[in-house]
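Undergrad: Here's the letter readout for the chains.
Protein chains: 2
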Amino acid sequence: MRAEILAVGSELLTPQRSDTNALYLTERLRELGVEVGARVTVADDPGLLESAFRAALGRADIVIATGGLGPTADDLTREAAAAATGRKLVRDAGILERLEQRFASFGRVMAPNNAQQADLIEGALEIENPNGSAPGQLLEADGRLLVLLPGPPREMKPLFASGVAPRLRERTGAVPLHTLVLRIAALSESDVDARLAPVYREFEGVATTILSQPGQIELHLHARGASEAEALATLERSADALEAALPGRIYSRDGRDLPAVVGDLLVERGARLATAESCTAGLLAARLTDFAGASRFLERGFVTYSNRSKTELLGVPAEIIEAEGAVSGPVARAMAEGARRAAGVEVGVGITGVAGPDGGTPEKPVGLVFVALSGAAGDTLRRRQFPGGRERVRFQATQTALEMLRRGLLGISE
Amino acid sequence: MRAEILAVGSELLTPQRSDTNALYLTERLRELGVEVGARVTVADDPGLLESAFRAALGRADIVIATGGLGPTADDLTREAAAAATGRKLVRDAGILERLEQRFASFGRVMAPNNAQQADLIEGALEIENPNGSAPGQLLEADGRLLVLLPGPPREMKPLFASGVAPRLRERTGAVPLHTLVLRIAALSESDVDARLAPVYREFEGVATTILSQPGQIELHLHARGASEAEALATLERSADALEAALPGRIYSRDGRDLPAVVGDLLVERGARLATAESCTAGLLAARLTDFAGASRFLERGFVTYSNRSKTELLGVPAEIIEAEGAVSGPVARAMAEGARRAAGVEVGVGITGVAGPDGGTPEKPVGLVFVALSGAAGDTLRRRQFPGGRERVRFQATQTALEMLRRGLLGISE
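Quick note, the sequences are listed as chains A and B, same order.
Each residue of the first sequence is one higher than the one before, starting from 0 at the first, in numbering that gives the first Met the number 0.
Each residue of the second sequence is one higher than the one before, starting from 0 at the first, in numbering that gives the first Met the number 0.
Chain A extracted, bound-state conformation (with noise of 0.2 Å):
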C-alpha cells in the first residue's frame, strides 16, 4: 500500500518556508503501514496541480493532498482534484448552512467567495473540520483513495486523526513498519556497500537504505510483522547477517551515535580520557561532551595549536617537531602520551594533521592526518589520508579517533 502527499500552495515553494505537514503524514502513515512513495510540493497553478493530481492516482494506492482548500482564488484544490477524477464539482447545501451559521456566530455575514468551501467532488465525504471553515474530502475512486485536507496543520492534524487514519487502519489492517538503524564509522560507503550488498539483497521482507556522509554510514532496515516483536525479531536476525559480513564494524544498533558509544565504553572499562588536539582543535572534546555525564570519562584536553603549546603542555620534545614535523606520526604518538601523562588518567588520544585548505606540501599534502592512543585502549598510531575540505578532513579525523578508541576499548585488532 504506497501513498503520496500533495501539499499545495506557492508559498511553499520560497526558500524560507518547509512543509512541515508532509513530516507529519509520513511518520502517521508510517505507523499504519503505508509507505510514502512520493510528496510533491505544488504551485497554486491550475494545471500543474491537475497534472500533479493525476501522476499522484496514477502511481499511488493513497493520494493526500494539503492545501488551496480556502475561500480565495488561488485556492484550487478542489477543482484541480475534481478535473483529474473526471467529476464534477458539487456545492453542498449543509455544509453551505453550517458555512452561513459560523461566520453568523462570529457576527460577521458571510462574503460569497466563502461559498466554493462547500463544494464537494461528486461522491467525496465530508471530514467535518470543527477548527475552520473549510472541511476537508474524501473520496473512493478506481480502487484509489483520495483525501483532501485543509493546510493549516491545527485544522489538517484533527481531520487527519478523526476522518482518514481510521479508514486507512480499516484498509491496510495495519501492519505498521518498523525500522533498525546501523551505524558504521571510519569506511566508505562503496566499501560499505561492497560488503554488505550481497547479503541485504537476499533479505525477504526487510529493505535496507543506505545513507552516507564523510566518516560515517548509516543502513537503514525496515520490517514489518504480525507483531511488533516478530518485526524486530526480523530486524535484528538481519543485522546479525550484516554484523557476521563486516565483523566489528557496525558500532550502534540503538540509535546511539558514536562519541555516546565510546564514552559509554570507557565508563563501563572505569577508564578516563585525555585528548589532544592539533588540526581538530576541540572538535573531538567538543563531540565527546555532546551528551551530559560526559564529566565521568573525560578529564582533560589540550587544544595545543602552537608547537610551543605541544612541548609546554604535553611534554612533546621540540627536536621531534624539529626532525619529523608537527604533522607527523611520532609527534602524534608523544601528544597522546603527554596528554594520558599529564591528566594521570588512563587513556590519551592525540591528533595532528593538515586540515587545509592551506599548509599542505608534496609530502604532507592537504588532508594528512595522524591519529595516535596511549594507555589502557592500545598503544596505536593510524596515518590517514581524507579527501575533501577542512570541515570534512577535521570531522574525518575525530571519528578515526572514536573508532581507534572503539576498537582498543574492545579488544578488536584491525
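Don't read these hints as lab results, they were simulated from the structure.
There could be a bad hint or two in this list.
What the hints assert, rightly or not - Simulated DEER-style distance windows between Cβ atoms:
#1 Glu-362(B) - Ala-228(A): 45 to 51 Å
#2 Arg-268(B) - Asn-130(A): 54 to 60 Å
#3 Ala-240(B) - Gly-324(A): 50 to 56 Å
#4 Gly-324(A) - Arg-153(B): 47 to 53 Å
#5 Asp-263(A) - Glu-121(B): 48 to 54 Å
#6 Gly-314(A) - Ser-189(B): 50 to 56 Å
#7 Gly-324(A) - Ala-322(B): 45 to 51 Å
#8 Glu-201(B) - Thr-360(A): 50 to 56 Å
#9 Glu-311(B) - Ile-411(A): 58 to 64 Å
Unchecked claim - In silico SDA-like pairs for lysine to any residue, Cα to Cα no more than 25 Å straight-line:
#10 Lys-363(B) - Ser-294(A)
#11 Lys-363(B) - Phe-394(A)
#12 Lys-87(B) - Gly-57(B)
#13 Lys-87(A) - Asn-113(A)
#14 Lys-363(A) - Arg-255(B)
#15 Lys-156(B) - Arg-255(B)
#16 Lys-363(A) - Arg-295(B)
#17 Lys-156(B) - Phe-394(A)
#18 Lys-156(A) - Gly-93(A)
#19 Lys-156(B) - Pro-175(B)
#20 Lys-156(B) - Asp-357(A)
#21 Lys-156(B) - Arg-389(A)
#22 Lys-87(B) - Phe-105(B)
#23 Lys-363(A) - Arg-97(B)
#24 Lys-87(A) - Asp-141(A)
#25 Lys-156(B) - Glu-188(A)
#26 Lys-156(A) - Ile-94(A)
#27 Lys-363(B) - Arg-295(A)
#28 Lys-156(B) - Arg-166(B)
#29 Lys-156(A) - Glu-10(B)
#30 Lys-363(A) - Phe-290(B)
#31 Lys-363(A) - Arg-307(B)
#32 Lys-363(A) - Gly-292(B)
#33 Lys-156(A) - Thr-13(B)
#34 Lys-87(B) - Ala-140(B)
#35 Lys-156(B) - Gln-215(A)
To be verified - Here are some chain A residues the structure puts well away from chain B; computed CB gaps all over 10 Å:
#36 Leu-137
#37 Ser-327
#38 Asp-357
#39 Ile-411
Because the structure is a prediction, the values reported are computed rather than measured.
All residues carry an ideal CB built from backbone N, CA and C; glycine is no exception.
Dock chain B against the given chain A, drawing on the hints supplied.
TA: Using the frame of chain A, we list chain B on its own:
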C-alpha cells in the same frame, strides 16, 4: 521559465530528514529569475522515479534532480532519467578513468560497483564534480533542460554554481536578484525586529527576510537593479540605515561568520588568544579554527572539564571552586586569566556553565553560563541564562564569548 526540482531518495521520505538541497536550489533559481512550479521527493523505486521524471518533463522547462547518482544498487536516477527521455546510458571512458585515478590517489582499488557513476545519458554533458565521485549531467532535450546533480550538498552546490547557473543565466537573460546578508549575534529575534522593523518596512525595492537561530540573527536584504553596482548600492544604503538603528551590533555584511570576524580582529590587533572551556569543552576553539589561518591568533586552548584540571592547568584556586562552585563568575574570571598567563598571550577567555540536561540546581539552573575575558580585549564578565537544550546552551555560550571578544577588541561598550 518554470523549473521543477526532484529530490531522489527513500531516506528523504522519512520523518527525520528534510531536503535542504531544494531550499538552496529554490533560492538560487529565484535569483536567476526562474520560478519553481513544483518540488517532488521520490523514493528509490525505478517505476516511481521514471514516472516522476516524465511528469516533470511534461510540465516544466527546467528539471533539476538531486541524489541517486552514487555507486550503490539503489542509486537509480541515471536509469530513470534515461528511460523517461527515451535515451540510452553510455559509459564514458574519460569519467571512468578519472574515477579510477581518484581511488588510486587514496591508495585504493576501485570496487566494480563504482563504474556506473561513469554512465551518461546519451547526449548529456558531464558537469565535473571536484568534491565527489559522481559527476553531474546536463541534457537539452525537446526544448527542456534536464539536470542531474549529486545529493550531498557540498557536492551539489558547487556543481550548480559552476555548471548550471551560467547556462540558466544565458537562457533567461534575467535581471538577477542581489542579496546582502547582515549578521547579529547574541540578541533575540524579537529585540532585533522591534528595533529594525520600523526601518526596513520603509524600504522601497528592497525585500527583507529575518532568519533566526539561537544566538544568531540574519537579515537577508534582496534587491534588483539595472546593474549589479546599482543593486549593491541600494543594499548598502539599506544596511547603513539598519546599522544606525542598532549601532555596533551588526557584526558582518560580507558573509563572514562570527568566528572569522573575531579571528581577523585578533590578527589585526596583533593579539593572540588562549581559551579555557568547561561546559563548551572545546567548541569555542573548534569554531575559531573552522577556517584556515587560525594559527595566527589561537595559541592554545584548555578543555578543563574536571575541577582538578582547572586548578592544575589554569591555577584556579581550589578554595574559590569550593566556595563559589565551578559554575561561578569568580571561576570564569580565574579561568580566563589563567589561560592567558599560562599561554603567555594577550587575551584569555573562560567559559563555565551548566549545559544540562542534568546538573541544574535552584541557584544554578540548567542554561546558566558565565563568560569572562582577561587582557587586551578588556577584563569583563557576563552572566547569561540560556533557554533550550544542551546543544543550544553550548552554542549560545560560544556566541556570547565571541561577541564579547569582538566588542572588546573594537572598544565598543555595552
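Undergrad: A separate judgement is required for each hint: does it hold in the structure or not?
TA: Do the hints match the structure? See the list:
1. Glu-362(B) - Ala-228(A): 45 to 51 Å: About 47 Å separates the Cβ atoms of Glu-362(B) and Ala-228(A), which means 45 to 51 Å holds.
2. Arg-268(B) - Asn-130(A): 54 to 60 Å: 58 Å, holds
3. Ala-240(B) - Gly-324(A): 50 to 56 Å: The hint (50 to 56 Å, Cβ to Cβ) holds, given that Ala-240(B) and Gly-324(A) are roughly 52 Å apart.
4. Gly-324(A) - Arg-153(B): 47 to 53 Å: 29 Å, violated
5. Asp-263(A) - Glu-121(B): 48 to 54 Å: 53 Å, holds
6. Gly-314(A) - Ser-189(B): 50 to 56 Å: Given a distance of about 51 Å, which is inside 50 to 56 Å, the answer is holds.
7. Gly-324(A) - Ala-322(B): 45 to 51 Å: 46 Å, holds
8. Glu-201(B) - Thr-360(A): 50 to 56 Å: Given a distance of about 55 Å, which is inside 50 to 56 Å, the answer is holds.
9. Glu-311(B) - Ile-411(A): 58 to 64 Å: Since the Cβ atoms of Glu-311(B) and Ile-411(A) sit about 34 Å apart, the hinted range of 58 to 64 Å is violated.
10. Lys-363(B) - Ser-294(A): 18 Å, holds
11. Lys-363(B) - Phe-394(A): It is violated: about 33 Å lies between the C-alpha atoms, which goes past 25 Å.
12. Lys-87(B) - Gly-57(B): 19 Å, holds
13. Lys-87(A) - Asn-113(A): Given that 25 Å is the threshold and the Cα spacing comes to 19 Å, the pair holds.
14. Lys-363(A) - Arg-255(B): Roughly 29 Å separates the two Cα atoms, so the pair is violated.
15. Lys-156(B) - Arg-255(B): With a Cα-Cα distance of about 18 Å, the restraint between Lys-156(B) and Arg-255(B) holds, given a limit of 25 Å.
16. Lys-363(A) - Arg-295(B): Roughly 20 Å between the alpha carbons, so the hint for Lys-363(A) and Arg-295(B) holds.
17. Lys-156(B) - Phe-394(A): The hint holds at about 20 Å.
18. Lys-156(A) - Gly-93(A): It holds: about 23 Å lies between the C-alpha atoms, which stays within 25 Å.
19. Lys-156(B) - Pro-175(B): Holds - the C-alpha atoms of Pro-175(B) and Lys-156(B) are around 18 Å apart, at most 25 Å.
20. Lys-156(B) - Asp-357(A): 22 Å, holds
21. Lys-156(B) - Arg-389(A): 17 Å, holds
22. Lys-87(B) - Phe-105(B): 32 Å, violated
23. Lys-363(A) - Arg-97(B): 23 Å, holds
24. Lys-87(A) - Asp-141(A): 16 Å, holds
25. Lys-156(B) - Glu-188(A): Holds: Lys-156(B) and Glu-188(A) sit about 21 Å apart, inside 25 Å.
26. Lys-156(A) - Ile-94(A): Since the Cα atoms of Lys-156(A) and Ile-94(A) sit roughly 20 Å apart, the hinted pair holds (cutoff 25 Å).
27. Lys-363(B) - Arg-295(A): The given pair, whose Cα atoms are some 20 Å apart, holds under the 25 Å limit.
28. Lys-156(B) - Arg-166(B): Holds, at roughly 15 Å.
29. Lys-156(A) - Glu-10(B): Holds - the C-alpha atoms of Glu-10(B) and Lys-156(A) are around 23 Å apart, at most 25 Å.
30. Lys-363(A) - Phe-290(B): 19 Å, holds
31. Lys-363(A) - Arg-307(B): 37 Å, violated
32. Lys-363(A) - Gly-292(B): Given pair Lys-363(A), Gly-292(B) holds - Cα atoms ~17 Å apart, limit 25 Å.
33. Lys-156(A) - Thr-13(B): Holds: Lys-156(A) and Thr-13(B) sit about 18 Å apart, inside 25 Å.
34. Lys-87(B) - Ala-140(B): Holds, because 13 Å separates the two Cα atoms, which is no more than 25 Å.
35. Lys-156(B) - Gln-215(A): 21 Å, holds
36. Leu-137: Per Cβ check, Leu-137(A) is outside 10 Å of chain B; nearest 23 Å; holds.
37. Ser-327: 17 Å, holds
38. Asp-357: At roughly 5 Å from the nearest Cβ of chain B, Asp-357(A) sits no farther out than 10 Å, so the non-interface label is violated.
39. Ile-411: With a cut-off of 10 Å, Ile-411(A) remains clear of chain B, as the shortest Cβ separation is near 22 Å.
Hint compliance for this structure: hints 4, 9, 11, 14, 22, 31 and 38 are not met, and every other hint is.
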